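**Q** Turn these sequences into a full structure, and let the hints steer you where they fit.
Residue numbers (the numbering used here), protein chains in the order written: chain A, 1 to 540; chain B, 1001 to 1352.
These aren't lab readings, by the way, just hints derived from the structure by calculation.
This structure is a prediction, so every number in the text was calculated from the model and none was measured.
Each hint should be verified, as a subset may be incorrect.
Computed cross-link-like contacts, DSS-like style, restricted to lysine-lysine with a CA-CA straight-line distance of at most 27 Å [stated by the list, open to error]:
1) LYS11/A - LYS1032/B
2) LYS1281/B - LYS11/A
3) LYS534/A - LYS1032/B
Single-letter residue listing:
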Amino acid sequence: MSNRPFAITLKPGTSLSNLTGTWRNERPVYVDRLPPCNNACPAGENIQGWLFHAESGDYQQAWRVLVENNPLPAVMGRVCYHPCETACNRGLLDESVGINSVERFLGDEAIKRGWKFDRPALVSGKRVLVVGAGPSGLSAAYHLARMGHQVEIQEAGPFAGGMMRFGIPKYRLPREVLDAEVQRILDMGVVLKLNTKVENIEQSMQGFDAAFLAVGAHIAKRAYIPAGDAAHIVDAVSVLRSMEGEDKPMLGRRVVVYGGGNTAIDVARTAKRLGAQEAIIVYRRSREKMPAHDFEVEEALQEGVLIKWLSTIKHADEGSLTVEKMLLDEKGVPQATGEFETMEADSLVLALGQDVDLSLLNGVSGLEIKDGTVQVAVNMMTGHAGIFAGGDMVPSERTVTVAVGHGKKAARHIDAWLKGTAHQPEAKHEIASFDKLNPWYYSDADKTVRPMLDTIRRQTTFDEVQGGLDENTALFEARRCLSCGNCFECDNCYGVCPDNAVIKLGPGKGFEFNYDYCKGCGICMTECPCGAIKMVPEET
Amino acid sequence: MGFQPVKFYQTGTFTVGNRLLTPDERSLQSDKGRSNSINSGHRACQGCGEALGARYAIDAAVAGSHGQLIAANATGCLEVFSTPYPESSWQLPWIHSLFGNAAAVATGIAAAMKVKGKTSVRVVAQGGDGGTTDIGFGCLSGMFERNDDVLYICYDNQGYMNTGVQRSSATPPAARTATTMTVGKEPGNVFGQGKNVPEIAMAHGIPYVATATVADLRDLEYKVRKAMTVHGARYIHIFVPCPLGWGTASNDTIRMARLAKESGTFPVFEAEYGEVTGVLKIRHQIPVEDYLRPQKRFAHLFGEHPHPETIARLQLLADRNIRKYGLLNGHAAAADEANEHLRELRISEGGN
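**A** Structural data, given as structure tokens:
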């Protein structure tokens, strides 16, 4: 210091002695917010989490994160109605991320490359009986097995899959895909007993520590339709079920389907493929009121399925039906008009919904049955200790995804119950809504459209209608993810800080604030593309 | 634009870095070992655009000169907040002399290096808009005219901020400052030509002139690094919002620069020997009003007694920039880029 001229030269970088962090009245903190896709997923998938790995092309890791919550990605990538995409923030920017198509790609990739589930690390010594090998039962079995429990599935039917096999047509879910994903679960050591109908749960459960019931809803609802002796009336469930056997159903050249749900659409499209010249859906309300998903209606119409709106079937005879026209009143309820007409029909298929076969529960104490479904508590347990239930047999939306979610949820509670504790789900993080993002930073990129089979082949074969993405398009699609609410290491906070108060920790490690110098300006929060930084007041 | 935009990769070249990019595709600022030419502990206000712009630019210049850089600094915010005795934030040889002579001091250093045969040592001069467009303008014009081997960087925050927000010749029309009060028929700064120093620099026919903002880091780094590959007089004018002087939120500094660019208020371009050679296109055009409204210095144009005709005049100025520099069609270009990326991915995999 002595040989330096006074007040003329300063040592470089000496401003470090001035701790500007004391100026701050708000501090930035890194947060993980809940992406809307994850929040919307009935199966509780960590979608943003697995897309993160898919973005870097690490498909195996992406798949492994995916199957932490859902063991059936190849199935789900085909049959899920993807509420995640409806919730996706990117939908407000251009179009939602094709989450479902990337999921399918990962599922198919896993089958192609033979990726297996890890075998459970520890063995609990507990035995759990799962009744029904549908999506809910398979999901529960998988999660219970991962937790180290010994699982046996007893299935009444000749194959595993439940409604995935006996309800969803092949052109939407090829059976080899289903078989591969079921087999992978069995490879973990889960025992599957086919053609084993549980008649009495209390008897079947002997030797097990708990049971999860997921028998589904397989009994077709009947509507009383006056019919002549020779009228050919069948129900949708048995039509779709017999598609899996040797003898395909004989429906004739003119098939009328009665109902407005997804099953009605499935059966009409199936009839078309079986050679029906005309497949006509009769539905009592209008298209807006139809419970079937819009894209399925659209695909059916493309394939030549006809839909007769605002009509009810009054009488069925050999070769013809009497139909009454309806009119919606101001509340949207269809009212009879007294106008009748006759339709030709070789067969009438009823697709009016399904009921649950609850006979296995006869005599079980403590159960509550309401509207034909078993009531369960928040922990998925019925009124009888140790018997849990899920899927279509409990009150909820009846989709594969919901069923898979039930299986996972039930497994966690069963695991806790077996240990004599209660499973406490973690508190949900704040939602990463669109207003938390800075969308400026995302590149402009439109959604990748999946290829569709030619209409002529859709009308005549059971080949899969919707194609998948290839590796390039899947990578592109994954990279459309905004990573809402979760840092994806774009380095923005590190770059935009005027005070160099962000420390970069290196790949995979993220960032840290240096509160000695952070003045609390909040630029990092505003310029974080994905909303992973929050400003919180300093304590005074 | 001259820099190579990275195709797609989620955020492309819009963010500072991205884990999906190879290190050489990322910005210098994303580097864990960046030089931090201006260190922590400086006394700039919260959210200072100038502190940020100076680190962006000088780090790039240090990289462009392989660490052999000397900086001369005019008086102004940057000098005051970075070197309060006995501290300095600078981590490179740095000199401050007077308000108006930074260009001349830098010229002298460049001459000295030449005499000493130290050809690898490069010189940069820097100052705010006051020290550049007003007080140091004569020295700057002389440096241009002699084509001295100096890169001059002006950090434009549109006024004399550290002395209490007085008007400079870079203050925009209608803006309120301590010396352009919001009184009379046409409140705020007058509508005149101001002083457009980037265009004046171009009129000197020097090898390189560019404008940039703190909202477009990749563009800024590209321009500084390009300037460092050229010898002779070079000028870069960087738009740096000032939360204090403009009355904006401290977290909105980068957003304000972005709005200025996206509205056409501040054209971002580069020019060689007096000819414009590239512009940074507007990506999502916004009306000038969206840029003005968050700023308290324009608050008198809104509120109870609004001045829609003044806003319309400011819009006309932006429209003139858009026409003059051809700033539109950025969005279409970005979308094409993503599609091209997808197509290239397919070709590279031998697909169709």
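**Q** Does the alpha-carbon distance linking LYS534/A and LYS1032/B stay inside the 27 Å limit?
**A** holds, 23 Å
**Q** Would the pair LYS1281/B and LYS11/A pass a check requiring their Cα atoms to be no farther apart than 27 Å?
**A** Cα-Cα ~42 Å, so violated.
**Q** For LYS11/A and LYS1032/B, compute the direct alpha-carbon distance and say whether it is at most 27 Å.
**A** holds, 23 Å
The structure fails to meet hint 2 from the earlier list, while all remaining hints are met.
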